[in-house]
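2 protein chains.
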Amino acid sequence: MNKLYACLGSGNCFKPWLAMHQLMIPFEIEMIDVLKGAQKSPAYLAISPLGVVPHLVTHTGAGIGESNAMLWYLAEDSDLMPPTAEARAEALQWMFYEQSKLEPFISPARFFTTILPEQRDSRADDILTWQAAADAGLARLDAHLEKRDFILSTGYSIADIAIFGYVHVLEEAGLHMADYPAIARWTDMVKHTDGFRPLSELGQPKSKAA
Amino acid sequence: MNKLYACLGSGNCFKPWLAMHQLMIPFEIEMIDVLKGAQKSPAYLAISPLGVVPHLVTHTGAGIGESNAMLWYLAEDSDLMPPTAEARAEALQWMFYEQSKLEPFISPARFFTTILPEQRDSRADDILTWQAAADAGLARLDAHLEKRDFILSTGYSIADIAIFGYVHVLEEAGLHMADYPAIARWTDMVKHTDGFRPLSELGQPKSKAA
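Chains as they are written, first to last, in this note's numbering: chain D, 1 to 210; chain L, 1 to 210.
What the hints contain is simulated information worked out from the structure, not anything from laboratory work. Honestly, I wouldn't trust all of these hints.
Claimed, not checked - If you want the footprint, here are the derived chain L segments under chain D, 3+ residues with CB under 8 Å:
(1) 58-71
(2) 75-88
(3) 157-167
Unchecked claim - Per label pair, the in silico range of CB-to-CB distance:
(4) D:K40 x L:D33: 45 to 53 Å
(5) L:K147 x D:E28: 42 to 50 Å
(6) L:M177 x D:E171: 44 to 52 Å
To be verified - Heads up, incomplete: computed chain D residues facing chain L, CB under 7 Å, no partners named:
(7) A62
(8) E66
(9) Q93
Every residue gets a Cβ at the ideal spot worked out from N, C-alpha and C, and that includes glycine.
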């Protein structure tokens with residue numbers, strides 16, 4: 001069985017967790033308390049040598065880092081994998097865009113605004129810089145989504161899950177969903193896909209989450 | 001026929017260019033002079049709406065951005081695509097690593113050290129920051145390569161091309177190959193793979209490059 005190592009509230013951890021729910025892939029989950037530094041414990045470093053969360057150990061025993069690589073692995077030969085070579089390339093294009101133009105800015109802005117708000121004032125300048133960079137990336141995404149229901153014209157896919165991970169919590173980074181009407185509509189579409197579960201259920205007792 | 005829009009000296013442009021050479025995929029190439037801002041010309045924006053180089057227009061007319069997404073597209077069903085789902089996931093893991101832990105630091109350090117050296121002094125602090133971040137990413141890569149000939153144990157793949165793009169020119173970013181002995185050995189291995197062409201030939205007249 002696949003085993004996911006995850007931490008509460010993380011958009012990156014949410015991605016493979018949501019995909020396994022939507023694909024009905026059975027999995028175990030172990031929560032790592034990164035705010036207490038548990039990702040640097042010897043026990044965890046023996047599992048994830050770089051001390052990174054999320055980490056997926058597959059049913060064959062292979063270890064996979066990087067949330068978007070996990071999505072690709074989980075979705076192979078499923079309905080969440082785009083159906084053509086061109087669509088797969090476009091999916092990866094957006095998944096790389098997410099990791100270079102969205103996540104590196106939304107994630108720290110959210111961390112110091114909402115997850116660790118006691119440091120908000122001391123990081124005020126950084127937060128403004130991250131928000132401005134995130135806004136540039138989000139504006140391009142919004143323009144893209146004006147023309148279609150999902151990221152790809154071929155339908156809901158792992159590209160949506162990859163981008164949804166952090167984009168759907170952009171308000172927690174001090175940004176405003178009302179500024180991105182196409183993203184707002186798309187966010188609602190994703191929430192109504194089959195088997196969707198919210199980020200708030202990540203790490204909840206199995207009776208609720210699985 | 002595929003058409004690649006590229007710019008001189010770019011590690012990201014080099015990746016799909018090298019892959020097409022090694023896979024013997026015929027292609028056209030058009031060089032975009034980014035130092036003169038040609039990527040923001042109306043003509044180029046009509047091709048690449050985000051004004052990004054490289055850009056690949058496939059033989060079916062689809063446009064692909066992001067160098068590592070191009071690699072995936074070009075390598076599907078070829079010897080450069082890893083053979084198992086686990087190996088494909090590990091390839092993507094390293095390709096995302098390259099775009100978050102290596103390229104964002106090696107590329108600007110190299111740009112202001114070697115490509116635009118007249119700005120080197122005014123960006124000295126930034127260059128030191130980029131070099132330190134690149135060193136952290138390179139040290140992990142070096143430790144990984146101590147154990148194997150190529151990025152994946154299954155052999156030479158698009159993961160090698162993705163990482164080679166910027167790592168092989170780390171000295172142009174003011175870093176020292178002697179600090180990374182496993183990377184140095186691997187770099188030499190890649191240069192001896194079938195059909196290899198050096199970055200210096202990118203954009204040279206077709207009689208030499210193709």
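Hints, one by one, checked against the model:
{"no.": "1", "hint": "58-71", "in the structure": "holds (count 9)"}
{"no.": "2", "hint": "75-88", "in the structure": "holds (count 4)"}
{"no.": "3", "hint": "157-167", "in the structure": "violated (count 0)"}
{"no.": "4", "hint": "D:K40 x L:D33: 45 to 53 Å", "in the structure": "holds, 46 Å"}
{"no.": "5", "hint": "L:K147 x D:E28: 42 to 50 Å", "in the structure": "violated, 28 Å"}
{"no.": "6", "hint": "L:M177 x D:E171: 44 to 52 Å", "in the structure": "holds, 46 Å"}
{"no.": "7", "hint": "A62", "in the structure": "holds, 4 Å"}
{"no.": "8", "hint": "E66", "in the structure": "holds, 4 Å"}
{"no.": "9", "hint": "Q93", "in the structure": "holds, 4 Å"}
The structure fails to meet hints 3 and 5 from the earlier list, while all remaining hints are met.
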